[in-house]
Amino acid sequence: MEKEYKKRFEKRIMDNSDFDVDGLWNAIAEDLDKDAKPSTPVKSFQKLFKYLGLVLILFVFGGVGVMYLFRSNTSRDLMITPHNLYESGSAQTTKTKKREAGHLAKQKVLPRRPPASTDSSTKSLFSEKYISSINRPGIQSVIANTNAHRTVSNENRSSAVRKLKDETSGSPFPKSQNADIFVTDHSRPVAWDTIPDALQLISSLPSDPDKPKSPSTSGRPFRNEMQMQQPNRPTVPPHPPGAHLPPKAPESAGADNSSVEPQNRLSETADSSWSIAGYHNRRAADTDESLDQQPVGINQNNNPIDSLDQGQGAMLAINASTTRSLHWTVRPTAGTNKTLLYFNTRDDVAGLRNNHEKGSWGSFYGLNIGLAWKDRFVLSSGLEYHILWSRLDYTQQTTWIQDSVLQEVVLNLNGEVVGITYGSRTRSVTTQTIWNNRFQIYRVPLEIGYQHHLKHWILGAQMGAVFNFTISQKGKTFNQEKAIADFSRTDSFAPFKAFQIGWRLSPVVGYRLSGRTTLLLESKWTGYKGRTADVQELGFGLSLGVNFW
Amino acid sequence: MEVAHSLIQACVRQERAAQKELYLKLLPYLRAVADRYLKDTSFTKDVLQESFVKIFRNIHKYEAGKAPLKNWAARIVINTSINYNERVVDTHTEELIIELHEAAAGRPVEQLPDSTLLSILKKMPKGYFEVFNLFVIDGYSHKEISSMLGISEALSRKKLSRARIWLHKAYSLSLTNTKK
Chain P
2 MEKEYKKRFE
12 KRIMDNSDFD
22 VDGLWNAIAE
32 DLDKDAKPST
42 PVKSFQKLFK
52 YLGLVLILFV
62 FGGVGVMYLF
72 RSNTSRDLMI
82 TPHNLYESGS
92 AQTTKTKKRE
102 AGHLAKQKVL
112 PRRPPASTDS
122 STKSLFSEKY
132 ISSINRPGIQ
142 SVIANTNAHR
152 TVSNENRSSA
162 VRKLKDETSG
172 SPFPKSQNAD
182 IFVTDHSRPV
192 AWDTIPDALQ
202 LISSLPSDPD
212 KPKSPSTSGR
222 PFRNEMQMQQ
232 PNRPTVPPHP
242 PGAHLPPKAP
252 ESAGADNSSV
262 EPQNRLSETA
272 DSSWSIAGYH
282 NRRAADTDES
292 LDQQPVGINQ
302 NNNPIDSLDQ
312 GQGAMLAINA
322 STTRSLHWTV
332 RPTAGTNKTL
342 LYFNTRDDVA
352 GLRNNHEKGS
362 WGSFYGLNIG
372 LAWKDRFVLS
382 SGLEYHILWS
392 RLDYTQQTTW
402 IQDSVLQEVV
412 LNLNGEVVGI
422 TYGSRTRSVT
432 TQTIWNNRFQ
442 IYRVPLEIGY
452 QHHLKHWILG
462 AQMGAVFNFT
472 ISQKGKTFNQ
482 EKAIADFSRT
492 DSFAPFKAFQ
502 IGWRLSPVVG
512 YRLSGRTTLL
522 LESKWTGYKG
532 RTADVQELGF
542 GLSLGVNFW
Chain G
1061 MEVAHSLIQA
1071 CVRQERAAQK
1081 ELYLKLLPYL
1091 RAVADRYLKD
1101 TSFTKDVLQE
1111 SFVKIFRNIH
1121 KYEAGKAPLK
1131 NWAARIVINT
1141 SINYNERVVD
1151 THTEELIIEL
1161 HEAAAGRPVE
1171 QLPDSTLLSI
1181 LKKMPKGYFE
1191 VFNLFVIDGY
1201 SHKEISSMLG
1211 ISEALSRKKL
1221 SRARIWLHKA
1231 YSLSLTNTKK
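The listed protein sequences derive, respectively, from chains P and G.
Mapping the first sequence onto our numbering, position 546 (from 1) lands on 547, and the numbers just tick up by one.
Mapping the second sequence onto our numbering, position 135 (from 1) lands on 1195, and the numbers just tick up by one.
Do not rely on the hints blindly, as some may be mistaken.
[What the hints assert, rightly or not] Facing chain G, a subset of chain P residues (Cβ under 10 angstroms, in silico):
| no. | residue |
| --- | --- |
| 1 | F20 |
| 2 | S326 |
| 3 | S473 |
| 4 | K475 |
[To be verified] When the alpha-carbon atoms are kept at most 16 angstroms apart in a straight line, the in silico EDC-like pairs for lysine to aspartate or glutamate are as follows:
| no. | chain 1 | residue 1 | chain 2 | residue 2 |
| --- | --- | --- | --- | --- |
| 5 | G | K1114 | P | E11 |
| 6 | P | K7 | G | D1198 |
| 7 | P | K8 | G | E1146 |
| 8 | P | K4 | G | E1170 |
| 9 | P | K4 | G | E1075 |
| 10 | G | K1080 | P | D21 |
| 11 | G | K1130 | G | D1174 |
| 12 | P | K456 | P | D376 |
| 13 | P | K8 | G | E1075 |
| 14 | G | K1130 | P | D21 |
| 15 | G | K1080 | P | D32 |
| 16 | P | K12 | G | D1198 |
| 17 | P | K7 | G | D1174 |
| 18 | P | K7 | G | E1170 |
| 19 | G | K1085 | P | D23 |
Hint data in this document are derived by calculation from the structure and do not stem from the laboratory.
Glycine included, every Cβ here is placed at the ideal spot set by N, Cα and C.
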């Protein structure tokens, strides 16, 4: 019998005369036109690569733009922070340098106080108490600026000072002009009285040979002094030594109304911590007539502050570059994830699938690129490859009543059946289907996050969007007729869409292995809406972050 | 049935004319395969449409050295048909016996027409029917059957054995009744 079946049906072909050949072909051609699958693997990922490329380009451009804007804003944010401008260039003694070194070594925030001096006649130019008694717009402007930016990164100061020396040794300031250079840094607070140390170092700036030296500065190569000017105020001659407050200066006709706004950018160095950002260019400030000579203080050497009108005083402004505040982080990552599927179609099939198809554990691998600001705020993206699994476990029992042969009576002699008893039987068939469904997904996250540092430990969280590209899904599930059927990437009853956007929340615990490397343990909670299921993933990953400045 | 290599290559390039030529060439055989594997032949057109789309989409995966294109395509049709059979609930055996008596009418199996033989085969329980078809007619091994149906090789053997018993009993019963 089996041979007969094989002989007849093995190579059987059917005549197409009674079959709608063209109709079937048209339907096939329509399907091929509708969602033709490219023949080469490269083509099959064309769309995927387009999406990925777009997201990555946006991220890189965004990161570069943020970095550029951040640096630009800082460069424009100039400020004036002189306070101990009484030291002349020649007074930059070994002792002074040692004191400066001591200041530089300090990392703690020092209390705000006037410069340490035993000379009661010496007053800090920006002593609050003293300044408050000066009701002059020019000075107030300086005070405002100073108070607003009284922060300097101590650890960067030595390099800044060196840089300043280098920069100023070539006498960058135009002669016959007062050059104000400003000090600024947003990163760390610093003692009020430590700022001038940096400023003192520029005392080696050459003095203007064309200018008459004040008594206190004659014979010195350069004076590190500051002048405050106000329009239409006369220049006041230098105060006598020891005077606390010099006498009121006479009004000066034809005073220059030079602005205190920065006019030029002196230079911008490539140093990662400091740079000279700008200076004031006070034209005609070197003439007694043009300057407001209101005395504001006397230095340790009893040099009147008004001697600053000699035009050689320079205020330095150091712009703390923020390149250290922003850095890139590259993190290879890998881990495991648990898939949770909630089938959401409004029919009985969804209930059937929820009861019999459960998510299981998978794995992921990826490379994340992050842009960290001040080592706390993180913008990250990357590319991850996820393998997700679900398990279909369905036991089906079909029962029916069947009329069947209950008994056959066989004559033993020739084997012929001589008697048959018919009856009905309840028959049942139990079929258990167990199948592991596999889903392969490329994922591009775009997240922002915050990290809190506790010594070597890092606690943080990230949240943002994820872009999922399903490259493969294969397995068995229930179709719309509640029957178990194979599904592939394009089937309407497959759980995942080809492209899905979702959200992700990632608590992070990390340990800083070194200045550049960090080991992170991440928990990723991801959710998105698939084709027939709401999907949530709970992942645990380990990643190694490497920082680049 | 020989399919030229150039025709296959043209189909790999997704040339529509070549695809139609291949479709016309394979259709009679694949239609017979679908007809044999489908318990409910009303799905034949759907199965063929789905199968041909799969064939043309995946023809670049076909390796000429392993098997003829006809067999590769037939396997796609078989798999698709088996999926469609999941939607069909087995008809009761009672119905089978009545039909069998009428169809066989005491004639030896060699004298029965193809349609009757096929009809009898399709009355076999689904699990038996697929294994019998794959093993006896198409010559697949139990290993191949186990991978195609997602069952173990032992279960495949068991089902084949039961299918043989079922068929033998069915014909014995038919012949006996006819003699009476």
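Hint-by-hint comparison with the structure:
1. F20: 7 angstroms, holds
2. S326: 52 angstroms, violated
3. S473: 14 angstroms, violated
4. K475: 13 angstroms, violated
5. K1114(G) x E11(P): 23 angstroms, violated
6. K7(P) x D1198(G): 8 angstroms, holds
7. K8(P) x E1146(G): Cα-Cα ~27 angstroms, so violated.
8. K4(P) x E1170(G): Status holds; Cα separation ~10 angstroms.
9. K4(P) x E1075(G): 41 angstroms, violated
10. K1080(G) x D21(P): 14 angstroms, holds
11. K1130(G) x D1174(G): With a Cα-Cα distance of about 22 angstroms, the restraint between K1130(G) and D1174(G) is violated, given a limit of 16 angstroms.
12. K456(P) x D376(P): 13 angstroms, holds
13. K8(P) x E1075(G): Given that 16 angstroms is the threshold and the Cα spacing comes to 36 angstroms, the pair is violated.
14. K1130(G) x D21(P): 21 angstroms, violated
15. K1080(G) x D32(P): 13 angstroms, holds
16. K12(P) x D1198(G): 9 angstroms, holds
17. K7(P) x D1174(G): 11 angstroms, holds
18. K7(P) x E1170(G): 12 angstroms, holds
19. K1085(G) x D23(P): 13 angstroms, holds
In summary, the structure is inconsistent with hints 2, 3, 4, 5, 7, 9, 11, 13 and 14 from the numbered list given earlier, while agreeing with the others.
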